[in-house]
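J.: Below are the chains, spelled out letter by letter.
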Amino acid sequence: EAGVAQSPRYKIIEKRQSVAFWCNPISGHATLYWYQQILGQGPKLLIQFQNNGVVDDSQLPKDRFSAERLKGVDSTLKIQPAKLEDSAVYLCASSLGSGTNTGELFFGEGSRLTVL
Amino acid sequence: GQQVMQIPQYQHVQEGEDFTTYCNSSTTLSNIQWYKQRPGGHPVFLIQLVKSGEVKKQKRLTFQFGEAKKNSSLHITATQTTDVGTYFCAGPRGGADGLTFGKGTHLIIQP
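Protein chains in written order, with the numbering used here: chain S, 1 to 116; chain F, 1 to 111.
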């Protein structure tokens with residue numbers, strides 16, 4: 001069974017530039033998450049989709065971050081303009097469940113962003 | 001919002017020693033999950049606990065969920081170098097979907 005696919009694996013940009021990350025979840029998983037993991041910390045939820053609808057984006061910095069999940073499968077996360085503090089690994093995850101009983105989250109390898 | 005606290009932040013052990021990490025929530029959890037992240041890797045699911053006082057074992061790993069469902073622990077017996085990594089607990093975000101992760105316990109093993 002194919003896992004969660006993410007690209008690019010690494011990206012280096014200068015502050016105020018833009019960047020986009022792509023995620024393809026496990027087939028059949030309706031719930032898709034984007035997490036931000038700063039070095040040495042736990043993953044922080046940015047946004048959660050159920051099919052192509054946003055369930056929770058309360059922790060997404062909407063002035064610079066945006067995400068979409070067209071057709072309820074692939075998803076993209078965009079940052080524009082990037083700030084130094086956005087340097088982190090952006091993890092995409094998917095699950096069969098949702099709500100308070102998500103079940104196991106399957107994570108992709110992550111996209112490591114460095115903002116100079 | 002709901003927070004999940006983990007201690008210790010770092011744990012150095014000699015290979016063969018035991019290791020325990022603790023997770024505490026400010027609110028009662030319907031369930032709790034544990035993940036392991038190897039250096040440079042991504043979080044990988046270990047287990048989910050649902051019942052009050054539940055204890056589950058996976059080989060050398062023992063997971064417990066507190067009676068009040070506000071705390072949990074992971075105990076590793078006789079650590080091996082393959083156990084190196086960061087162990088995270090995660091609980092449902094109170095009033096919202098998704099999981100809140102603790103900051104993790106970094107396990108460093110000295111041969």
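Possibly wrong hints are sitting among the right ones.
[What the hints assert, rightly or not] In the PhoX-like style, the derived pairs of lysine-lysine whose C-alpha atoms are separated by at most 20 Å in a straight line are:
| id | chain 1 | residue 1 | chain 2 | residue 2 |
| --- | --- | --- | --- | --- |
| 1 | S | K44 | F | K36 |
| 2 | F | K51 | S | K44 |
| 3 | S | K62 | S | K78 |
| 4 | S | K78 | S | K44 |
| 5 | S | K15 | S | K83 |
| 6 | F | K70 | F | K51 |
No wet-lab data here; the hints were simulated from the structure.
J.: Are the Cα positions of K15 (chain S) and K83 (chain S) separated by 20 Å at most?
T.: holds, 5 Å
J.: Given the hint that K51 (chain F) pairs with K44 (chain S), does the C-alpha gap stay at or below 20 Å?
T.: violated, 26 Å
J.: Decide if the proposed pair is consistent with the structure: K44 (chain S) and K36 (chain F), CA atoms, cutoff 20 Å inclusive.
T.: holds, 16 Å
J.: So if I understand the rule, the pair passes when the alpha-carbon distance is 20 Å or less; does K70 (chain F) with K51 (chain F) pass?
T.: holds, 11 Å
J.: Measure nothing beyond the straight line between the CA atoms of K78 (chain S) and K44 (chain S); if it is 20 Å or shorter, mark the hint as holding.
T.: holds, 16 Å
J.: Is K62 (chain S) close enough to K78 (chain S), meaning Cα to Cα at most 20 Å?
T.: Cα-Cα ~10 Å, so holds.
Going down the numbered hints, you'll see the structure goes against just number 2.
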